[in-house]
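Engineer: Sequence:
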Amino acid sequence: MFQTQINHFLQSFESKGLTFFMQLITSLGNELILIIILITIISGINFRKGFLLIQIVIITGLLTQIAKHFFALPRPWFVDSGLTAFNKKLVTDFSYMDSKSFFGYLPQNVIDSYRLLKPDSFGFPSGHTSSAVALWASVIVLFRKKFVIITSISFLILIPVSRLYLARHFLADILAGYFLGFFVLLVFYFAILKLSVITSYLKANKIRFALTFKSAYQLFYLLVLPVIFLFVVPDKYSTLSGYLIGINIAFLAIGLKQFPIYSSSIFHGVYRVLITIIVFVLIGSIVTFCYKYLFFSSLFWGDFFVGAFITSTGTLLSTKLIRYVKLSS
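With the first letter of the sequence shown counted as 1, position 181 gets the number 183 in our numbering; the numbers rise by one all the way through.
No lab work stands behind these hints: they were computed from the structure. Where hints are given, some of them may not hold.
[Said to hold, decoys possible] With a straight-line cut-off of 25 Å between C-alpha atoms, the simulated SDA-like cross-links for lysine to any residue are:
hint	residue 1	residue 2
1	148	187
2	51	157
3	238	118
4	259	177
5	102	177
6	259	217
7	18	29
8	148	283
9	51	180
10	294	37
11	294	279
12	328	257
13	259	285
14	322	157
15	51	156
16	120	157
17	294	315
18	148	120
19	120	99
20	238	294
21	120	109
22	102	147
23	51	271
24	51	158
25	51	37
26	18	156
27	102	29
28	238	255
29	147	48
30	238	292
31	238	305
32	102	84
33	51	272
Working from the sequences, and respecting the hints, build out all of it.
Structural biologist: What follows is the structure in structure tokens.
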């Protein structure tokens, strides 16, 4: 599964049009595109279902990065110079140094050489695949409409194929990404949805706490789990933990008053999405400037606090503005 034959096979159909299409498809797994999609769902379609999607996507992303840095394996373009890397600046001296059998492993000297480069990211498992499952498979579970199902299944197939074509992943990376994404989704479905750990919030108009084990469990999940992730994820991904606790804080603050109820108007939905994007861009720009050019970059856990502030403040402010202009109740 760490062989490059499938990459070579897909690249045998290489053309400008196909490459452009594959790069377009793979961009759907980029962080910015995922953020826009999630904002569209949480502010334009359904706040509470959007919240669940954000949970699944972020937790899958955190687990993926933990796994990537634990295994620290190279990408296909590095082990086989015969593959087209498509805009990759790094070069490799290795040729056909993939696994010699389907269930074999990569040569240790190739792995060590890749690690010495200290790359931005590693290959195994595929983050694009795991995030595709986290988002699009969850969309199927939560919305269950024919058009949504067909579109989501298409992305679940095309995004991993694009990663193989672009020589970013081995088949093993893709399969591991599928496994991780579906594992997180199944945990949410059976442990969260079925046991009503979070869905008690989703069924009510507002959050009501009681002195019970269930309430303590809910608060642990929403406020403590993101901090635990902070200690186990690589430092460069601590912002993800910040995003998680930030959206959870906003969810609690909004839910203690009343969750927004959206009208079915498409125009209202578009306005809500635009308002939310504008708010996040403004807050993100201001916070990023302060973080880079003032004293905040020296703060301990700076990335974590920046991520938490942007998501919590952005969600709270955009929700308040949407209510103010009467685009939700």
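Engineer: A separate judgement is required for each hint: does it hold in the structure or not?
Structural biologist: Status of the hints after comparison with the structure:
At roughly 20 Å between alpha-carbon atoms, residue 148 and residue 187 fall within 25 Å of each other, so this suggested pair holds. With a CA separation close to 20 Å, the supplied pair residue 51 and residue 157 stays within the 25 Å bound. With a CA separation close to 18 Å, the supplied pair residue 238 and residue 118 stays within the 25 Å bound. For the given pair, residue 259 sits about 43 Å from residue 177 by alpha-carbon distance, which is inconsistent with the 25 Å threshold.
A C-alpha spacing of about 19 Å is found between residue 102 and residue 177, which places the hinted pair at or below 25 Å, so the restraint holds. A distance of roughly 17 Å separates the Cα atoms of residue 259 and residue 217; the hinted pair therefore holds under the 25 Å criterion. Under the criterion of a C-alpha separation no larger than 25 Å, the hint pairing residue 18 with residue 29 is consistent with the structure, at around 16 Å. With a CA separation close to 33 Å, the supplied pair residue 148 and residue 283 exceeds the 25 Å bound.
Simply put, residue 51 and residue 180 have alpha-carbon atoms about 22 Å apart, close enough for the 25 Å limit, and the pair holds. Restraint check for residue 294 and residue 37: satisfied, since their Cα atoms lie roughly 22 Å apart, inside the 25 Å limit. Distance hint between residue 294 and residue 279 is fulfilled; the C-alpha atoms sit about 22 Å from each other, no more than 25 Å. About 18 Å separates the Cα atoms of residue 328 and residue 257, which keeps this hinted pair within 25 Å; it holds.
Taking the CA atoms of residue 259 and residue 285, the gap is about 23 Å. The hint holds against a cut of 25 Å. Of the pairs offered as hints, the one joining residue 322 and residue 157 is violated, with about 33 Å between alpha carbons and a cut-off of 25 Å exceeded. About 21 Å separates the Cα atoms of residue 51 and residue 156, which keeps this hinted pair within 25 Å; it holds. Restraint check for residue 120 and residue 157: the C-alpha separation of about 31 Å exceeds 25 Å, so the hint is violated.
Only pairs whose Cα atoms come within 25 Å are accepted, and residue 294 paired with residue 315 is accepted, the gap being roughly 19 Å. With a C-alpha separation of about 44 Å, the suggested pairing of residue 148 with residue 120 is violated against the 25 Å cut-off. Restraint check: the Cα-Cα separation between residue 120 and residue 99 comes to about 19 Å, which is no more than 25 Å; the hinted pair holds. Between the alpha carbons of residue 238 and residue 294 the distance comes to roughly 15 Å, so the proposed pair stays at or under 25 Å and holds.
Pair hint residue 120 plus residue 109 holds up; C-alpha atoms about 18 Å apart against a cutoff of 25 Å. Restraint check for residue 102 and residue 147: the C-alpha separation of about 44 Å exceeds 25 Å, so the hint is violated. Proposed proximity of residue 51 and residue 271 is supported: the alpha carbons are some 15 Å apart, at most 25 Å. Between the alpha carbons of residue 51 and residue 158 the distance comes to roughly 20 Å, so the proposed pair stays at or under 25 Å and holds.
A hinted pair counts as satisfied when its Cα atoms are at most 25 Å apart, and residue 51 with residue 37 qualifies at roughly 15 Å. Pair hint residue 18 plus residue 156 holds up; C-alpha atoms about 22 Å apart against a cutoff of 25 Å. The hinted pair formed by residue 102 and residue 29 fails the criterion: a straight-line CA distance of about 31 Å is larger than 25 Å. Only pairs whose Cα atoms come within 25 Å are accepted, and residue 238 paired with residue 255 is rejected, the gap being roughly 28 Å.
Proposed proximity of residue 147 and residue 48 is supported: the alpha carbons are some 14 Å apart, at most 25 Å. Our distance criterion of 25 Å between C-alpha atoms is met by residue 238 and residue 292, whose separation comes to about 18 Å. Proximity of residue 238 to residue 305 is assessed by CA-CA distance (about 8 Å); at most 25 Å being required, the pair is judged to hold. Taking the CA atoms of residue 102 and residue 84, the gap is near 16 Å; set against the 25 Å cutoff, the hint holds.
Distance hint between residue 51 and residue 272 is fulfilled; the C-alpha atoms sit about 17 Å from each other, no more than 25 Å.
In summary, the structure is inconsistent with hints 4, 8, 14, 16, 18, 22, 27, 28 from the numbered list given earlier, while agreeing with the others.
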